[in-house]
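Protein chains in written order, with numbering that gives the first Met the number 0: chain D, 0 to 125; chain L, 0 to 131.
Everything labelled a hint here was simulated from the structure, so no lab data went into it.
Please note that the accuracy of each hint is not assured.
Straight line, CA to CA, 30 Å or less: simulated DSBU-like cross-link-like pairs of lysine-lysine [stated by the list, open to error]: (1) D:Lys22 <-> D:Lys94; (2) D:Lys22 <-> L:Lys39; (3) L:Lys115 <-> D:Lys111.
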Amino acid sequence: MRSSDPAFPVRNTSLCLDINGHKTDIIISSYEDHILVIATQIGSMGTILQARKEGGVTSDPTYSISVVFGKRDEPMLIACARQLIEHISNSGSSKTLVLSLGLRDHSLGILKSIVSAVTEKLAEVI
Amino acid sequence: MEETNTENIGCQSDGVQLTCFSEQSDGDVLLHFQIIRLQKQIYVWIGCNSASFGHLYAALPTRPSNAVGVTSLIGGSSDNTGFGIARRLVLKTGLNVVLACNLPKNNPMLEASAEKKLLQKLISLGYTKPQI
Chain D
0 MRSSDPAFPV RNTSLCLDIN GHKTDIIISS YEDHILVIAT QIGSMGTILQ
50 ARKEGGVTSD PTYSISVVFG KRDEPMLIAC ARQLIEHISN SGSSKTLVLS
100 LGLRDHSLGI LKSIVSAVTE KLAEVI
Chain L
0 MEETNTENIG CQSDGVQLTC FSEQSDGDVL LHFQIIRLQK QIYVWIGCNS
50 ASFGHLYAAL PTRPSNAVGV TSLIGGSSDN TGFGIARRLV LKTGLNVVLA
100 CNLPKNNPML EASAEKKLLQ KLISLGYTKP QI
């Protein structure tokens, strides 16, 4: 659960947790204009989504989420991306989120666990 | 060309390996590389002087033929700098690759240099599979 060397321009952090008996690896990388979150139980990136914040300074932000690779018929994945981009936006960052979810199933409980674990860790790299 | 930094951070489970390093390239260009190795896939980010994410590509071998399937996921297809790198990485390593890269376009020397350094690192880390 260490972060990478401060001299490297991208900040990374990772953790490994057990969700319902499945080992889940989570890696978070913060780039200049993007945040990459990988949560995998299957050994690969799975479905990749992009979530960006739109909207001006004066109006409430709106978010646009799209699946760029993988399952396009799983609303839970999109909901997960939306929760995370809202959290990133509320933390004061305008970075775009690239979220990779390689999960064995897409139930509400699993996604909630992932959102809460990632939210906690995001504080280290935002 | 000096290697300024290499770190290997393993997740407790050993299912994931993260390697980050930077190398000076010809001229005043500092190339950054981030490699995340998952069991069945490798994610690579190549940065040129900055920590900008760049365009995202996915590439994988198409068995049983020797062809490689590549697609651009984020960034559109007008700038294909990473496209060629992703494709050649899969051709030479047989791995399933997701590549993010912010290299400037129209600079084939830089592209070749980045690709070479990346390949050397992947081989030295033992991530490459035998030729398909």
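* Numbered hints the structure breaks, given as an ascending list -> Those not satisfied come down to hint 3.
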